[in-house]
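Visitor: One letter stands for each residue in the lines below.
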Amino acid sequence: MSKMKLCVLCCHYTNEAMPEELADIPAEIHIKRFPCSGRIEVVDILRAFEDDAEGVLVAGCERNSCHNRTGSLRAAKRVEAARELLKEIGFNPQVVQMAFVPRLDTGAFIEEVKKLFEIILKTKS
Amino acid sequence: MIIAERKPIERILQMIEPYQKIAVLGCRGCVAICSAGGDREVETLASALRLARKKQGKPLETIEETYVRQCDPEYLKPLAELKEKVEAVVSLACGVGVNLCADLYPDLKIYPGVDTTFYGANPALGEWEEKCRGCGDCIIDLTGGICPIARCAKNLLNGPCGGSQNGKCEINPDTPCVWQEVYDRLKARGELDRLTKIWPAKNWIPAGYGGPRRRVRPDLQINNKKA
Ligand code: SF4
Ligand code: SF4
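Chains R and C, in that order, give the protein sequences. For the first sequence, the working numbering begins at 1 and goes up steadily by one. For the second sequence, the working numbering begins at 1001 and goes up steadily by one.
Excised from the complex, chain C in its bound form (with noise of 0.2 angstroms):
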């Protein structure tokens, strides 16, 4: 899932300085999942900013209300009604939620709550950790599944460099070297001739470097512009 963070409070409220009524519009998909950004983060968040406003002399009236997803247009239409009666919307949405929303209510003042970090997985309670960067031209069959791209601080592809030592990475000493962990795996599946063989060099532009990136399915489409 995407994973995020909410800003420091004292962004939020440089944020909505100029407002007396705003809302705080949470998410119920990642966001929620990943405790950033669903129905009891926008509660703490607006309960947080009220107090916060109410010890400046100014105070700040807040409507709660999170929707299902706010990456997706179906479920932002009540934000059309929603938008009339305040000034601003802080959105706990992740980054891609926060840009619909702007895209599709462009005199909207929306401004995000929270920080969109990295996809991740939830190992225990508490905890999230990074585990693929979206490149678009996915190469863990060759890796043992484990993403080097994702995982290793320099996102090297043929080895580990001369900071790995005793399995560990040399930015912390509690962070695996993850080409340590992809020579592991591949000797214990017997698939270490995997190392040895060139790769060709990856291609970046699936990863971004061409553009924003656009998936479609014609299949899928209501209104296909070709026929």
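Pulled out of the complex, with its shape left as it was, chain R reads as follows (with noise of 0.2 angstroms):
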């Protein structure tokens, strides 16, 4: 079976993971980062399913530490809509989730993408 292909679509400040510590998790999984998380739209997370990811991971920094204060606030906002799109063409909404992490803590980092993988299996079985 070919490995599950996941998406993170994040601010540079989220995070600086390296590809090696993600190694842990059996899944293919492409990081794009944004200049700030509110700049992602509902087309790149579209556009991340339709490159055969199977789930889509918008991270963006804790409420109340986003460099341009309300940034991760607007990309939960854009998962939001995200879903409802994909919710009208037939697809589990739950394939795109939202995380807010603190910013550049890798290890809190890595757990939100453990979690989608988890989720993506879920939805699979």
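Treat the hints as calculated values from the structure; they're not laboratory data. Hints may be right or wrong, so weigh each one.
Below 30 angstroms or equal to it, Euclidean Cα-Cα: the simulated DSS-like pairs (lysine-lysine) are [said to hold, decoys possible]:
1. 1109/C <-> 87/R
2. 122/R <-> 1058/C
3. 1085/C <-> 1021/C
4. 1131/C <-> 1197/C
5. 122/R <-> 1197/C
6. 1021/C <-> 1083/C
7. 115/R <-> 87/R
8. 1054/C <-> 1007/C
9. 1055/C <-> 1077/C
10. 1054/C <-> 87/R
11. 1007/C <-> 77/R
12. 115/R <-> 32/R
13. 124/R <-> 1054/C
14. 1083/C <-> 5/R
15. 114/R <-> 1055/C
16. 1154/C <-> 3/R
17. 124/R <-> 1058/C
18. 124/R <-> 87/R
19. 1109/C <-> 3/R
20. 1007/C <-> 1055/C
21. 1007/C <-> 1154/C
22. 1131/C <-> 1083/C
23. 87/R <-> 1007/C
24. 115/R <-> 1054/C
Here chain C is said to cover these stretches of chain R; the calculated rule only asks that three of the stretch's residues, wherever they fall, bring their Cβ under 8 angstroms from a Cβ of chain C [what the hints assert, rightly or not]:
25. 38-51
26. 87-94
For glycine and all other residues, C-beta sits at the position ideal for the given N, C-alpha and C.
Could you use the hints to bring the two separately framed chains together as a complex?
Guide: Shown next, in the form of structure tokens:
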């Protein structure tokens, strides 16, 4: 069976995790970084699915710690909008997840990616 | 501006069912400003349609374009070329734009991607409210600048109905009774006497009941029919 493909959309400050640090997760993980998570659009989430991702994690800074004040809150709203659209075309909305993580805390970030992996495994069973 | 709203994707998928390659065509006018049919909505809808079709095992190819205004022939010239590259077009312009594209290119299979809903204002980010219904014979000089045709559920022209309760409309406790608003506004302006005068019956012909409306300004026309 081919490896599950996951996509992480996040800002530069959310984490600096290197691919090796995610090696424990048995999935092909693509990380796409943006200047701010508030810059992530609904279409970026949809395009990740077009590129065969089975799950997408949008990660932004914890509330109140975003450089641009409300970037990650905006990202959370985009996640909701993407879920609505995905529902409309017959996807399980759980395939997109939002996480607020402490800035540059790689450990917390990796935990969130693991959580996404578990959720996608469940949606597939 | 003209307010519109994206149609359910399922409905759009039905329209484009027979096609493998379509264009999703936005408009940078009203529909871009009300976030229903500008560049961003074009790319989002195109991606959602491709994704849905991929899931159905019937991949769809899309071209994404946005014109300055779809209600102006000048900006529709590139459509002559675009239509040769695709089997159909889903337009995110208001109904005016879709109608004009269909008039100018009768062989083009064009489908509306939005429902055109009302003329509205943008009181806050992400919110639009109906303010005018284009009745062609504006009477809001009499009502303190507030339109009872667009903003009254019953389009009443002579004061509130019995459903007006505590300043709210009976259709919904969140909807203000427009006649209460008119009254309050005129009272504050010391112009309540406007409401005691008998208004002549409103002429509804300019509202469109005399057929499709047309406006001409001969001084702007290039080829006047009558010199
Ligand atoms: S086509 Fe419709 S939405 Fe676009 S500018 Fe014209 S009136 Fe506005
Ligand atoms: S009276 Fe007619 S033109 Fe004036 S605001 Fe109301 S609907 Fe529009």
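Visitor: Taking the hints in turn, state whether each one holds.
Guide: So, going through the hints one by one against the coordinates:
A distance of roughly 28 angstroms separates the Cα atoms of residue 1109/C and residue 87/R; the hinted pair therefore holds under the 30 angstroms criterion. Distance hint between residue 122/R and residue 1058/C is fulfilled; the C-alpha atoms sit about 27 angstroms from each other, no more than 30 angstroms. Between residue 1085/C and residue 1021/C the CA atoms are separated by roughly 8 angstroms; this keeps the pair inside 30 angstroms, and the hint holds. Between the alpha carbons of residue 1131/C and residue 1197/C the distance comes to roughly 24 angstroms, so the proposed pair stays at or under 30 angstroms and holds.
Annotation: proposed proximity of residue 122/R to residue 1197/C is violated, straight-line Cα distance about 71 angstroms (limit 30 angstroms). Note on residue 1021/C and residue 1083/C: the hinted pairing holds, with a Cα-Cα distance of about 11 angstroms set against a maximum of 30 angstroms. Simply put, residue 115/R and residue 87/R have alpha-carbon atoms about 21 angstroms apart, close enough for the 30 angstroms limit, and the pair holds. In summary, the hint linking residue 1054/C to residue 1007/C is supported, as the alpha carbons are separated by about 20 angstroms, within the 30 angstroms threshold.
Between residue 1055/C and residue 1077/C the alpha-carbon distance is near 35 angstroms, which puts this suggested pair outside the 30 angstroms criterion. At roughly 15 angstroms between alpha-carbon atoms, residue 1054/C and residue 87/R fall within 30 angstroms of each other, so this suggested pair holds. Our distance criterion of 30 angstroms between C-alpha atoms is met by residue 1007/C and residue 77/R, whose separation comes to about 21 angstroms. A threshold of 30 angstroms between alpha carbons decides the hint, and for residue 115/R with residue 32/R the separation of about 18 angstroms falls inside it, so the pair holds.
In summary, the hint linking residue 124/R to residue 1054/C is supported, as the alpha carbons are separated by about 18 angstroms, within the 30 angstroms threshold. Distance restraint check for residue 1083/C and residue 5/R: the Cα-Cα separation of roughly 36 angstroms exceeds the 30 angstroms cut-off, and the hinted pair is therefore not satisfied. A distance of roughly 26 angstroms separates the Cα atoms of residue 114/R and residue 1055/C; the hinted pair therefore holds under the 30 angstroms criterion. The straight-line distance between the Cα atoms of residue 1154/C and residue 3/R is roughly 60 angstroms, outside the 30 angstroms bound, and the hint therefore fails.
For the hint linking residue 124/R to residue 1058/C, the alpha-carbon distance of about 22 angstroms falls within 30 angstroms, and the restraint holds. For a cut-off of 30 angstroms, the pair hint linking residue 124/R to residue 87/R stands: about 16 angstroms separates their Cα positions. Distance check on the hinted pair: residue 1109/C and residue 3/R sit about 42 angstroms apart at the alpha-carbon level, beyond 30 angstroms; violated. Taking the CA atoms of residue 1007/C and residue 1055/C, the gap is about 20 angstroms. The hint holds against a cut of 30 angstroms.
Distance hint between residue 1007/C and residue 1154/C is fulfilled; the C-alpha atoms sit about 26 angstroms from each other, no more than 30 angstroms. The suggested pairing of residue 1131/C with residue 1083/C is violated, with an alpha-carbon distance near 36 angstroms, which exceeds 30 angstroms. For the proposed pair residue 87/R and residue 1007/C, the alpha carbon gap of about 15 angstroms is at most 30 angstroms, so the pair holds. Simply put, residue 115/R and residue 1054/C have alpha-carbon atoms about 27 angstroms apart, close enough for the 30 angstroms limit, and the pair holds.
Counting residues of the segment 38-51 of chain R whose beta-carbon sits less than 8 angstroms from any beta-carbon of chain C gives 7, enough to reach three: the coverage restraint holds. As drawn, the segment 87-94 of chain R meets chain C at 4 residues by the rule of a beta-carbon pair under 8 angstroms; at three or more, the given contact holds.
Against the hints set out earlier in the document, violations occur for numbers 5, 9, 14, 16, 19 and 22.
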